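Chain by chain, the residues:
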Amino acid sequence: MIKTSKKANMFDSVQVEVLWNRLITNLEEQAKTLIRTSFSNLLSDAEDLSCGLFDSKGNMIAQANTGTPGHINTMALGIRHFLEHIPSQSLHPGDVLISNNPYEISGHLLDVTIVTPIFYNDNLIGYFASVCHVPDIGGRGYSAEGESIYEEGLYIPYMKYYSAGQLNESLQSIIEANVRSPYEVLGDLRAQVIAQEVAIKNLIETLNEFGLTEIDALGDEVIKRSEAAMRKVISDIPDGVYKNEIYTDGVGEPIKIKCSVTIKGDEISVDFKGTSPASLKGVNVSLYYTLAYVTYGLKVAIAPDIPNNEGSFRPLTVTAPKGCVLNAEHPMPTAARHIIGHFAPVCALGALHQAIPDKVIAEGATSLWNIQVYGEDLEGKPFSYVTFNTGGMGASPIKDGLSATGFPSGVRGTPVEITEISSPLIIYHKELRQDSGGSGKYRGGLGQIIRFGVRTNKPWRLPFMFDGLNFPPRGLSGGKSGARAEVLFNNKTPLTSKALYTLQPEDTITLKIPGGGGYGNPEQRDPELVLLDVINGYISQETAKTDYGIVIESTPKGLQIDWSQTKRNC
Amino acid sequence: MSVIRVGIDIGGTFTDIVFIDEEGNRMFGKTLTTYPDPSEGFLKGLNENLLKYGFTYSDIKTIIHGTTLVVNALIERKGVKTAFITTNGFRDQLEIGNENRYDLYDLFIEKPTPLVPRSLRFTVEERILANGEILQSLKESEAAEIFKELQAQNVEAVAVCLIHAYKNSVHEKRILEIAQEVAPNIRVSLSSEVSPEIREYQRASTTIANVYVQPLVENYLTKLEKELKNQGFNGQFHMMLSGGGTCTIETACRFPIRILESGPVGGTIAGAYYSKLCDISNLLVFDMGGTTAKASLVDNGEPIITNEFEVGRENRFKKGSGIPVKVPVVEMIEIGAGGGSIAHINRLNLLKIGPRSASSDPGPACYGKGGKLPTVTDADLVLGYLNPDFFLGGDMRLDADAAYKAIEEHVAKPLGLDVVEAAWGIHHIVNENMAGAARIHAVEKGKDIRNYPLFATGGAGPVHVCNMANILDVSTIISPVGAGVCSAFGFLSSPLAFDFVRSYPGQLDQLNLQKITDLLMEMEKDGESLLAQSGISSDDITVIRKCEMRYVGQSYEIGVPIPNGPLNEDSIQMILSNFKHQYKKLYVEASETVPIETVNWRVVVQGPTPELSLNFNSDGSSINPEPKGKRKVYFDQYSDYIPTPVYDRTKLSPGAIVSGPAIIEERESTMVVTPNFSLTVDPFSNLILNSKGGRVNDKNVKKSQYV
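Line by line, the protein sequences give chains A and B.
Number 378 in UniProt numbering belongs to position 378 of the first sequence; there are no gaps in the numbering.
Number 507 in UniProt numbering belongs to position 507 of the second sequence; there are no gaps in the numbering.
Derived by calculation from the structure, the hints in this document are not laboratory data.
Remember, it's a predicted structure, so these values are computed and weren't measured experimentally.
Where is the CB? At the ideal position from N, CA and C, for every residue including glycine.
Take these hints with a grain of salt, some might be off.
Listed next, the in silico PhoX-like pairs over lysine-lysine satisfying Cα-Cα at most 25 Å (straight line) [unchecked claim]:
| id | chain 1 | residue 1 | chain 2 | residue 2 |
| --- | --- | --- | --- | --- |
| 1 | B | K148 | A | K557 |
| 2 | A | K232 | B | K413 |
| 3 | B | K44 | A | K399 |
| 4 | B | K580 | A | K201 |
| 5 | B | K318 | A | K359 |
| 6 | B | K44 | B | K226 |
| 7 | A | K160 | A | K243 |
| 8 | B | K369 | B | K30 |
| 9 | B | K223 | B | K61 |
| 10 | B | K405 | B | K632 |
| 11 | A | K557 | B | K81 |
| 12 | B | K173 | B | K139 |
| 13 | B | K276 | B | K546 |
| 14 | A | K224 | B | K319 |
| 15 | A | K224 | B | K405 |
| 16 | B | K580 | B | K546 |
| 17 | A | K32 | B | K111 |
| 18 | A | K32 | B | K318 |
| 19 | A | K545 | A | K567 |
Sample of chain B residues facing chain A (criterion: CB under 7 Å; computed from the structure) [stated by the list, open to error]:
| id | residue |
| --- | --- |
| 20 | N98 |
| 21 | A130 |
| 22 | Y556 |
Based on the sequences and whatever the hints tell you, model everything.
See below:
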């Protein structure tokens, strides 16, 4: 029977579970409110946002089950930067903080972080925070075109957005005057503020119910347990130094990502020494964004079920030489940092494969394929619109890779009908790309072919932020590479991956997004699965023959394996 | 001779039957569901109960039926060979889906296998723009060729979903005509008829699911209807709709996707009925069974209807892992928490419950059927909530020692707790999980759950409901007579109703009112003629209109009631103020300046609500009941076992009062009344539990426990 807890002022396993679930419920409420009241497809359809709860010292305790690693994990560390500039003693009830510092938080000016301190009986007990990708932040927009942060738009330093409940009208006017779509941007910022108000209200009710006056003790407990579990998992991985490198298209010249992953006892350190220097264009990645994605990549492989919080980060360190493409410094441009940033965890995972081959998947399309288009619609009204698109994921040691699915990013695609009703874009084609999945015992996921244009009478502009045209996603353990990307102008002229193009009204662009790499020797793939892939058009008869050694012929009964010509050592 | 109305609900394990005669007397029956043909169990159970209660088929005025047939066919992929036709360039919309991973931290997720393999997905030359204009006309010869090919391949069903067909259905309709000429035996569903809403993936998925199960449903229902006629039944045979309301067999055969959740929905409808009967406008219907619990809200006497639903989740409890279905469904959330949910310790050394279930085989450790792992039922037994000698009225004995040992070995020892602490932990955490899910569900609907008394049904519902209420800070609980057959009863309280939807996006202050009025009237006329076919006169018909609206630029709509009759400037003002009112209720504040737009227009056309006058047999019951015995039961409030009186529910008559702690036993379930609740029996024999005042999560208690 429970009269009192065995150890005074400590939580037992049951109590932690109960309270913690309650906190996550609060965060889910915050995220739901935000998604449903937002004004842009980036939040409502793509769900490019995250929400977290922090203790009074700024340690992340819990996060909502939505969002994308580049947000969650940068926000996890970003709160402390806010507090360095705006000390907690200077905070009052009704204050709301804001910033889009690209180097210390989410990596580009387009991600705005909003932090609301939580007061309980006049004591500051913690913070709710959220990061949202706003539809525009001025400057050169969402593109790799800027050559310094000054060209990339409005930079909001760490500051108060609300003071004791009063909106900072000056800041509001500055934002309104500097962004292309002030209506949507200010609507989304307001949604963030409101969602956090709702979350605080709910948290305080929870505290009242449990007779608690603060969340630090619980936070410490959760963090302590997560850290211990993480250390236990790491110590089960064989010690060693594991290396890998990946090439990306870069801008003009290839960018090399190089890492060495060191497992020593119960800690992991990842160092990106040897990675290419920063680019002149806006593809540079802040160390915090690198850290966020690498932490995420390691965690999905080794400890998917351990909660993501301060404790699970502690045994991991990530370093990169100053001024390299993965450790950008002020005033380097960063707007399209996702392109290169998404490769960092994939590089680390590839290294980790040498230590834990069963838990790692082959490389996939990796970068999101974000289409940013701007120009004028048929009525001459200016527009700017972004859609997110994905290629194939790499195959795993136990199954085929997922087709048209983002990894490591966690955002969603935009429905064609939503794109066409909210913008003058017209999408002519959006289908899976045959033969793009790398062959293997398990096949890589398929990429997509997307062809689009704009319904307009004026030239329209398209800053390319694509990668994988020169270096295909590689397979693992004998699996073959996925297909590299291609971008075609009017379905015939190949274009390069990063440039600002001006197109005529009748022009179209075709994107052929990479598929994922395969896993294992293709000759070990079940011939029946190869046949099914041909029947369904995922692969061609040609690939069945050349990669898998299986000859498939049309017969009166449909496609069948011609065993007389098929050489397999089954 | 008396005339009866019959509700029959076919579930996974049992087929439940409820009769109500003209005096309002209720009769209950239960029989095992039969496989592979559930209509056998339907007829057998109906026969048995007609005999038992002294009726014949010709005494039946109406039969209302709900079944899990459709949902099971989708989950088990047991529909017919189905093909898909879409606009050239969009063959893979089913497989591309939302392009995301529903679990960010799992590298090995499975996405649902599409109902139509890629080899049976075809495209035709045609294109309609977002504004409904035709960019490219339909290449008819191509469509005809496809149907010839499909016939050669013995395809039985085809779904057609063209881009922007929700806005202009002319090409889809033409394809249907072509199909009827070329391949008249193939069943065809059009997205513009099944689910005329924007977002191609969801619309395609819904249309495919509809036609995929259509032949099954047609065979099943026509056979059943014929069989009933042969037996002398000449009343009306209706199906329950997933969104509440009922429809004719003909409609169910045409839009089988609409009867997807026709079974479980009955519980919520029953909740709505009791909410009106007992004059409690809001309820949280809490149905806890063996593997899952379901929660749904009744708001102002009405269930909440959603148009976003998922079926056959790959990961049962992960949102986004199933096939999306966009038809009206009573909003329910399924929680991986039932009597059979297994307790285990995770890597953080924390106690977790489920989602893995011991189900009925091997079952909880206490079933003595080989299960060794501790479950919620085992914890409930150790805590004294269940009676090992009176489970299912004594038909099944429970092994308390086995339950104790399982909890000791797998939970208590690893965590360094004693067995009772561990058992309470299991019971409490499962309640927390259910309460957390219910609370999120309420928040998604913008409701404060504390205003929702709990309506407890299902075998395990009454066992857990008091402690759930304590967590949710809810002070009233209702548990009806026949909680175990609540769904079938719910069917009988539903009016005959049809609902319709048309997409017509536009800014509120720029609408073509004549066009909208025509659109609404057209839907209403369709509904009225369907009701007329069931013999309902136009005087008895109610029309309910709704519009889904949002601020311009948003992606999620909220449902707003709109006035009947022709729309004019005044109605626009009324719609505007209704919108702001609803929005504020949901999201704290509503903007006065931001423009508002309409998306979907919905109409429900319904017949009269059936009159039920419920009589209850109170033979042998008393308002001063004597307990049938006492046993030791654990209560958190005392942190100990205390001797607790045990009552037989059939001996409690209206007006009886019992103060907690108490146990009320009936054949199908046990009500655990915690010390902070007292119970009365209302005139309809419902158990009504009220908090004695003061919250159980009283700080004095909780402080010692949690700090």
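Hints, verified against the model:
no., hint, result
1, K148(B) x K557(A), "holds (17 Å)"
2, K232(A) x K413(B), "holds (20 Å)"
3, K44(B) x K399(A), "violated (46 Å)"
4, K580(B) x K201(A), "holds (22 Å)"
5, K318(B) x K359(A), "holds (22 Å)"
6, K44(B) x K226(B), "holds (15 Å)"
7, K160(A) x K243(A), "violated (44 Å)"
8, K369(B) x K30(B), "holds (24 Å)"
9, K223(B) x K61(B), "holds (19 Å)"
10, K405(B) x K632(B), "holds (19 Å)"
11, K557(A) x K81(B), "holds (17 Å)"
12, K173(B) x K139(B), "holds (13 Å)"
13, K276(B) x K546(B), "holds (22 Å)"
14, K224(A) x K319(B), "violated (29 Å)"
15, K224(A) x K405(B), "violated (31 Å)"
16, K580(B) x K546(B), "holds (15 Å)"
17, K32(A) x K111(B), "holds (23 Å)"
18, K32(A) x K318(B), "holds (16 Å)"
19, K545(A) x K567(A), "holds (10 Å)"
20, N98, "holds (5 Å)"
21, A130, "holds (4 Å)"
22, Y556, "holds (4 Å)"
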